Amino acid sequence: MIDISVYGDYKTSWCPGCGNHDVLAALKQALAEMDLAPHQVAHVSGIGQAAKAPHYITINGFNGLHGRGLPPAQAIKLVNPELTVIAESGDGCNYGEGGNHFLAAIRRNVDMTLLAHDNQVYGLTKGQASPTTAEGQITKSQPDGVTNAPFNPIAVAVAMRANFVARAFSGNKPHLIKMIQAAIRHPGFAMVDIFSPCVSFNKVNTFGWYKQRCYELDANYDPTDWNAAMEKANEFGDRIPIGVIWKTDRKPLNERFAVCKHGPLGRQPVDLKALDAIMHSYI
Amino acid sequence: MSKQSKHIIIGGAAGQGLVTVGQLLCKALVRAGYEVLVTQHYMSRVRGGHNTFNIRTGAQPVTGPADACDILVALNQETVTLHKEEMAGKGFVILDTALNAEGLPALKVPFDKLAPKAIFQNVAALGVLCSVLGVDKEYAEELLRESFGKKGEDVVQQNRQVLDDACAWAQEQQALCDVLPAVPRREPRMLINGNEAIAFGALAAGVKFCSFYPMTPATTVAQNLILHGRKLGVIVEQVEDEIAALNMALGASYAGAPTLVPTSGGGFALMTEAVSLAGVMEQPVVIVVAQRPGPATGLPTRTEQADLNLVLYSGHGEFPRAIFAPCTLEDCFHLTHKAFDITEKYQSPVFVLTDQDLSDRLMGVPPFDLSSLPPVAGPDLTDDNAAGYKRYAFTENGLSPRRIPGYGRSLVLADCHEHTEDGHITEDMGIRTAMNDKRFAKELGILSEVVPPRRFGAEQPDRILLCWGSTEGAARETADILNAQGQKVAVLSFPQVWPLKPDQFLPFLASAKEVVAVEGNKLGQFARLLRQETGFVVHRTVLRYDGRPFTPDFILAKLSE
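As you go down the protein sequences, you meet chains V and A in turn.
For the first sequence, this note's numbering begins at 235 and goes up steadily by one.
For the second sequence, this note's numbering begins at 54 and goes up steadily by one.
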């Protein structure tokens with residue numbers, strides 16, 4: 235196991251009590267236990283409070299645009315299959331601004347992990363409704379209550395048969411670490427939707443709210459049973475299941491490209507002789 | 054127009070096979086040693102409509118499209134009706150006996166007799182055209198062997214029979230057309246279009262990743278990278294939208310792959326957010342923008358040069374960039390190759406700005422000499438001293454050493470915010486100013502490598518035709534025609550439109566009595582840029598924005614107004 239201190243210790247701009255602190259600590263612990271050195275991991279994010287994560291951990295980082303974490307993350311893995319690629323951002327970033335990329339990433343199935351901090355509110359912009367905020371919930375910008383139906387990331391991912399779909403809660407760190415590791419180990423696109431309470435702007439979905447509802451799926455649950463997974467994906471109310479909801483083993487995209495078998499693309503030489511032969515075929 | 058070249062228009066509905074006939078004829082012409090320049094006009098539909106494949110050919114080089122037509126090959130009646138006004142003095146139409154020549158001199162071909170089945174009509178038309186132009190039949194025979202060889206000797210023989218019959222039939226008809234002059238045997242040439250030349254330039258520069266969302270007329274750049282990428286180790290991914298395309302490309306670039314993204318104006322509009330990201334992250338990427346008329350969906354398969362401003366100002370905030378505007382197929386290859394060098398070296402986005410005319414312009418060109426290409430810059434792969442590594446280290450010339458994650462122990466943090474030298478978010482005003490200055494210091498380097506504008510025509514001109522990109526060819530021919538009439542006309546053509554280096558061209562512009570900007574847009578965007586950057590005001594403009602490429606006739610008509 236790698237000494238966890240190699241991932242650094244940074245002063246963050248997150249509020250005291252924010253769930254993000256626990257997610258960050260869990261990620262470090264997960265990487266350390268998996269013996270992943272900082273240079274072996276590429277960490278990609280968009281914009282939002284969760285998206286600042288690459289600035290608070292000593293690993294390779296690509297902090298891109300709002301909603302746009304997934305496209306570069308997938309490309310990084312395709313271009314350098316030797317890297318462990320983790321995209322980390324919030325519910326607004328992944329399911330709102332980046333909704334199309336989220337759907338496409340599930341379909342494309344590059345071997346990478348998405349850690350979605352889900353606090354059911356926009357934190358960075360101070361409290362507007364996010365795609366996962368409950369209908370009727372009152373916020374600063376929705377004073378009469380949210381009128382949109384909430385997006386269910388788990389149900390959508392299961393419906394699309396994403397390779398690996400899990401839910402976790404920042405307040406249950408040992409379980410969260412296990413989920414992060416299982417997602418990293420699973421080939422193909424793996425997502426963990428992590429409840430990470432926003433202590434400043436979401437007064438409904440608080441630490442206590444999640445704590446009261448989240449329960450761990452037991453050993454009898456079969457995550458390869460799609461119908462059961464759909465049922466668990468839709469269980470959201472007084473009781474919310476956490477754990478591996480669904481998994482399958484569709485071949486990852488990076489394994490379908492012959493060129494990816496020869497290591498990082500940028501290290502592969504340019505075959506000018508082959509190009510010359512190609513040009514001569516146009517004569 | 055030049056008497057030395059012939060202009061053949063093959064017209065018909067989409068799906069009638071006019072491109073097949075045109076391409077076969079062009080290949081035969083190029084192999085026989087003639088010059089060709091093809092302009093393709095097509096509509097945004099798969100079947101029907103009216104499309105043309107316009108071939109200018111002759112023994113001497115041709116540089117741009119023409120209007121007046123010498124041979125009109127009409128695959129349907131609409132072609133005759135639409136193009137009869139364009140016929141040159143001795144021009145004639147080739148058409149099926151069932152069609153009406155509408156008063157034009159005509160060669161009526163009994164296609165039903167020459168081609169036993171409809172699928173052979175293309176070969177029959179090829180035979181007639183070769184015969185009329187005096188192109189040796191052996192070149193057409195060779196093409197049939199290459200095209201149908203895989204289908205078996207029977208198929209080859211059937212096609213040869215049609216070709217022979219068509220040639221023999223055409224020989225017996227009274228010649229309507231002077232055959233092309235004989236040309237000496239020449240070194241073999243490729244028959245390729247602008248987008249193929251761009252793809253070859255990218256491949257020669259070592260492109261390894263391309264993400265794209267299909268959009269005419271840029272798609273064939275990606276299509277060619279797909280076609281050859283498997284052999285050359287390039288990943289090409291069709292993605293969910295243009296936003297993903299450029300963001301993905303920047304991830305690929307971060308991970309060490311020379312990267313290209315092809316698109317057109319509408320798609321590029323969506324990418325501009327990520328152009329800004331490339332600017333602040335200092336992430337190399339080559340973006341090919343093949344222009345077509347806007348606004349919005351505009352004329353999706355036609356040509357225009359109206360996205361210069363979009364590309365020049367794309368992305369929020371300020372950061373350096375370079376914009377190449379290839380004028381010829383050779384430019385498409387060499388400037389795309391250079392674009393990779395500039396983007397890698399200066400870690401700023403670099404654009405290759407073309408248009409539909411150049412994208413689809415087919416010509417015969419010698420295979421590009423790969424052995425004499427200059428080296429392309431690349432990231433620092435040595436990766437020693439990981440402990441001290443800072444992705445955005447302050448340097449005199451603004452160039453911070455770029456390392457690749459996973460290649461060594463160095464950690465690379467690329468950030469979209471204003472950042473410190475090691476890539477972390479900062480709000481420090483001193484660092485902000487210094488980092489912005491660092492990025493702009495790279496512009497001096499980019500400026501030092503600007504491709505100068507080219508001059509053609511009179512040495513001490515009275516009149517200069519100022520142009521950029523695909524317009525060069527038509528402008529050159531216009532100048533040739535006017536100079537032959539005793540005028541003193543030059544062309545000043547810009548293969549790179551940003552940044553500008555005024556000392557490369559300002560004295561020359563000032564030396565002429567009249568400077569005429571010839572541009573494919575409504576506003577004279579380049580003329581305005583020139584005024585903004587240098588204070589030089591062009592005297593006149595010749596602008597075209599009807600979706601069609603410039604021709605010498607169009608320019609001459611506007612000049613005489």
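Hints listed in this document are in silico derivations from the structure and should not be mistaken for laboratory results.
Being a predicted model, the structure only gives us computed values, none of them experimental.
Ideal placement from N, C-alpha and C gives every residue a C-beta, glycine not left out.
Treat the hints with care, since some could be wrong.
[Stated by the list, open to error] Coverage of chain A stretches by chain V, computed from C-beta distances (three or more under 8 Å per stretch; other residues unrestricted):
1. 236–248
2. 260–271
3. 283–289
4. 304–311
5. 325–331
6. 453–467
7. 475–484
[What the hints assert, rightly or not] Straight-line C-alpha distance at most 25 Å; calculated DSS-like pairs for lysine-lysine:
8. K566(A) - K541(A)
9. K541(A) - K507(V)
10. K495(V) - K566(A)
Problem - Verdict on chain V covering the stretch 325–331 of chain A, criterion of 3 CB contacts below 8 Å - result: With 3 residues close enough to chain V, the hint holds.
Handout entry: Given coverage of the stretch 475–484 of chain A by chain V, tested with a Cβ cutoff of 8 Å and a minimum of 3 residues
Key = holds (count 3)
Exercise for the section: Examine the stretch 236–248 of chain A: at least three residues should have C-beta closer than 8 Å to a C-beta of chain V. Expected result: holds (count 5)
Practice task
Compare the distance between the alpha carbons of K541(A) and K507(V) with 25 Å, and conclude whether the hinted pair is satisfied.
Solution key: Since the Cα atoms of K541(A) and K507(V) sit roughly 46 Å apart, the hinted pair is violated (cutoff 25 Å).
Problem - Cβ contact check, 8 Å cutoff: the stretch 453–467 of chain A against chain V, three residues minimum - result: holds (count 11)
Handout entry: Satisfaction of hint between K566(A) and K495(V), Cα-Cα up to 25 Å
Key = violated, 63 Å
Practice task
Report holds or violated for chain V covering the stretch 304–311 of chain A, Cβ cut-off 8 Å, minimum 3 residues.
Solution key: holds (count 7)
Practice task
Check whether three or more residues of the stretch 283–289 of chain A sit with their beta carbon closer than 8 Å to a beta carbon of chain V.
Solution key: holds (count 6)
Problem - Holds or violated: K566(A) to K541(A), with C-alpha atoms at most 25 Å apart - result: holds, 10 Å
Problem - Given coverage of the stretch 260–271 of chain A by chain V, tested with a Cβ cutoff of 8 Å and a minimum of 3 residues - result: Contact hint for the stretch 260–271 of chain A vs chain V: holds, 3 residues under 8 Å.
Hint check: violations occur at hints 9 and 10; the rest are consistent with the structure.
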